[in-house]
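A.B. asks: Could you slot chain X onto chain R? The hints should help.
Protein chains: 2
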Amino acid sequence: MTAPLENVLTTLRSKKEEYLEGLKACLRIPSISTLAENRKDMYHMADWLQEAMRQAGLENVAAMDTPGLPVIYGDWLHAPGKPTVLVYGHYDVQPVDPLDEWLSPPFGAEVRDDHIYARGASDMKGQIFAQLMAVEAWMAEGGCPVNLKYLIEGEEEIGSTHLDAFIQEHTDLLQCDIVLNCDAMIHSAARPSINYALRGLAYFELEICTAQKDMHSGMFGGAVHNPIHVLTDLLSGMHDSRGHITLPGFYDHVPLLEEEERTLLAEAPYDDADFLKTSGAFALHGEEGYTTLERLGARPSLDVNGIWGGFQGEGAKTVLPARAGAKLSMRLIPGQILEEVEKQLRAYIEQAIPEGCEWTVTCQSLGPGSVMNWKSPYMQAAVEAVSEVFGVKPFLRREGASVPVVRLLQERLGVDSIMLGFGQPDDGIHGPNEKQSLSVLFQGMESYARFMDRVGTIDPAQSHD
Amino acid sequence: MTAPLENVLTTLRSKKEEYLEGLKACLRIPSISTLAENRKDMYHMADWLQEAMRQAGLENVAAMDTPGLPVIYGDWLHAPGKPTVLVYGHYDVQPVDPLDEWLSPPFGAEVRDDHIYARGASDMKGQIFAQLMAVEAWMAEGGCPVNLKYLIEGEEEIGSTHLDAFIQEHTDLLQCDIVLNCDAMIHSAARPSINYALRGLAYFELEICTAQKDMHSGMFGGAVHNPIHVLTDLLSGMHDSRGHITLPGFYDHVPLLEEEERTLLAEAPYDDADFLKTSGAFALHGEEGYTTLERLGARPSLDVNGIWGGFQGEGAKTVLPARAGAKLSMRLIPGQILEEVEKQLRAYIEQAIPEGCEWTVTCQSLGPGSVMNWKSPYMQAAVEAVSEVFGVKPFLRREGASVPVVRLLQERLGVDSIMLGFGQPDDGIHGPNEKQSLSVLFQGMESYARFMDRVGTIDPAQSHD
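Going down the list, the sequences are from chains R and X. Quick note on this note's numbering: the first sequence kicks off at 1 and runs consecutively. Quick note on this note's numbering: the second sequence kicks off at 466 and runs consecutively.
Hints listed in this document are in silico derivations from the structure and should not be mistaken for laboratory results. All figures in this text were calculated on a predicted structure; none of them were measured in a lab. Do not rely on the hints blindly, as some may be mistaken.
[What the hints assert, rightly or not] Capping the alpha-carbon separation at 30 Å, the derived lysine-lysine pairs in DSS-like fashion look like this:
id, chain 1, residue 1, chain 2, residue 2
1, X, Lys-840, X, Lys-858
2, R, Lys-24, X, Lys-678
3, X, Lys-840, X, Lys-547
4, R, Lys-213, X, Lys-489
5, X, Lys-678, R, Lys-277
6, R, Lys-15, R, Lys-393
7, R, Lys-375, R, Lys-16
8, X, Lys-858, X, Lys-481
9, R, Lys-213, X, Lys-742
10, X, Lys-480, X, Lys-547
11, X, Lys-840, X, Lys-489
12, R, Lys-82, R, Lys-277
Bound-form chain R, shown alone (with noise of 0.2 Å):
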């Protein structure tokens, strides 16, 4: 180990009280996107962060327009030579409902044994804090073994919207040699893994309406249609019973799931029952003809994300409701192709929805999926510092969720992306009671660190081919 990593390890290891204080106070910005009344919040984050920034050691950093939320830039150029690393992630968080649900408030930022409990502590500001942490630290000893750039957006829970127009208009400020996404997580710690591919994802409201107004149940019940019926029928006929999802066309890009690959993914240290507990779901239900592992990975899956229509409150309210909807959202294998999804959604309700009944669908989100080389030097250097962390080699394979900036980095600025973050799927991101484990974080300081050291010895000249 040469000296400056040893010293920028043992800083890492000095410093944890520090650091927690550090992440508890960027967990507390209730910074949710979606909702217009978190507005203020996002751009007190947007503040919060410049500042880490700043006092991490970075140059140039400034928070920089686009037509919705800031993008946050920032840069340290001063490794002449050395591949150039754009980090991305993103500053913005989830809603916190069902907020009755939470054990302690999700900006609370409370610790409970191992695990720091917030909204965004997985997904993904701690992931940032650790990396920026890592530069801190390398900065300390005269300076970082790569060139950094950072592009941290406003807007990855509400579906990037303008980061592709962002993108396109700095594609020389934002020129690198490889992406170092924090957007990620681990399979565990004691069996870590990293991602090479990523499933896309369109996201849809529906709404049916069937009537001016609400009704009578008595009045009317039996003789007109019930939104929430033709709704349910809607959404029931989606699949049928083989798992199949029964939008037309939907699987005429889906490449093959080859058996070399397969048999990759099979690799993996895998175990239904330890999967069905992280989930916390009772059972596993899929597409037939397929493994749990590639039904979430190699797969497309849709999945109703909310409905609502009538009555939900308590007691007995005999309404038959004007109008009922749902979200709902397809995640899509990379060849599928993302524009063709709504029209296939649209076919689907037009032939399958009676007369007299008014539909609407809406696109709310729209982001395609992507694989990566593997066997880059970039990939390795991720492999072999997880490795020297976390005592094992990590396992690689597909994930099931969506970074669609991954695909627009790709067709962009023509870079892949390393997938490296630590948060674990048991955390609960999305859901109530998010929670980082701090001494995995704490290893993922680390990892960064190791990380940017192994990448200092790779010649960006001959890493492109």
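C.D. replies: Chain X alone, transformed into the frame defined by chain R:
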């Protein structure tokens, strides 16, 4: 016309402005029985009603305890040898959501053109108020032509939970020859109607739970049960493609509709286009093989009254929820065995739900339907009173909605009910912008006054057979 009746009608016609002020005061009390936060308003309403009854000249007016909200009683028993009429009504109202669809505040009692807009205007404070004004006008002439008793409950909109026990405890007090049930409506002012049959109601809440906690749809979607999918599959399967309800045994005790009654029902001045306009619905839909009027009055129906699960806010949240639920209710035909409906629902769910899903069914309301003797002298009195006021003979029909108290009073006191009230189908009861036509309500006052006059000519000893 006898002099007293003529004087009563003159009184009713001369005091409309005064009545309107009284009606507004009554409608401004938010007596929502299902919501805990409106509990004090319920008692306020009970006090207001007792005062109005005393003002009308009734005696022994009192709020009588039940384990829930009080029943308001009153009587006037100074017409020896004349029939005793038990007036039934309720002083509670439905909740007001969706609040943002009301054009004026639901408890503002705003008058626009011929209508007064308020929750409870039509269902049914307006009707009780009209009946009391008719009594008051008779009292001003020295007394009523009939003996009167009042049974005004505060829990009709929450299933009349304590009414049966109350009636059983007070059968002597409530003895009567006929019930005048004001919780009713006419087809229209041009073609008034009186109901002789009512559907029953069974109301349930169903909840599905597939996991211990909400999950991220990207991490788990496609590999575990989504409770919204389970719920929509269950609800969708409750009707077959012909509009039949699929709960096992559901039609076992539904009486066949005889040809004679189909002919009677077909005589109603019914028109699809008018019906659609009144309902506000865009299209008719129902059980194959039956007309709309048959579907509404003579066939059972099943409606989902509310549904919820997952994310219902603005924007996109990729949650895979742990639970989802629905309110569903069945309108039942006299003959169907109330207690069996829950068993049928449970049997359906047991056979249809996938393994690994937890579910609960809670019965929230259970009320029987009833059919009455439409040839009795009391029914004739009602037909004649309405004929004289509206200038056209009312037609008789089966009603789709439920008024469980009608069956209760048949069972416990052995008396039929005359359903005489002056709401109309397009009043929007239970929905936003509930309204009552003021001109029709004033015609209702006259109808009640004439009804009492006619009933005063019936020999109660001969009316029982």
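A.B. asks: Starting from the hint list further up, note which numbers the structure goes against and sort them upward.
C.D. replies: 7, 11, 12
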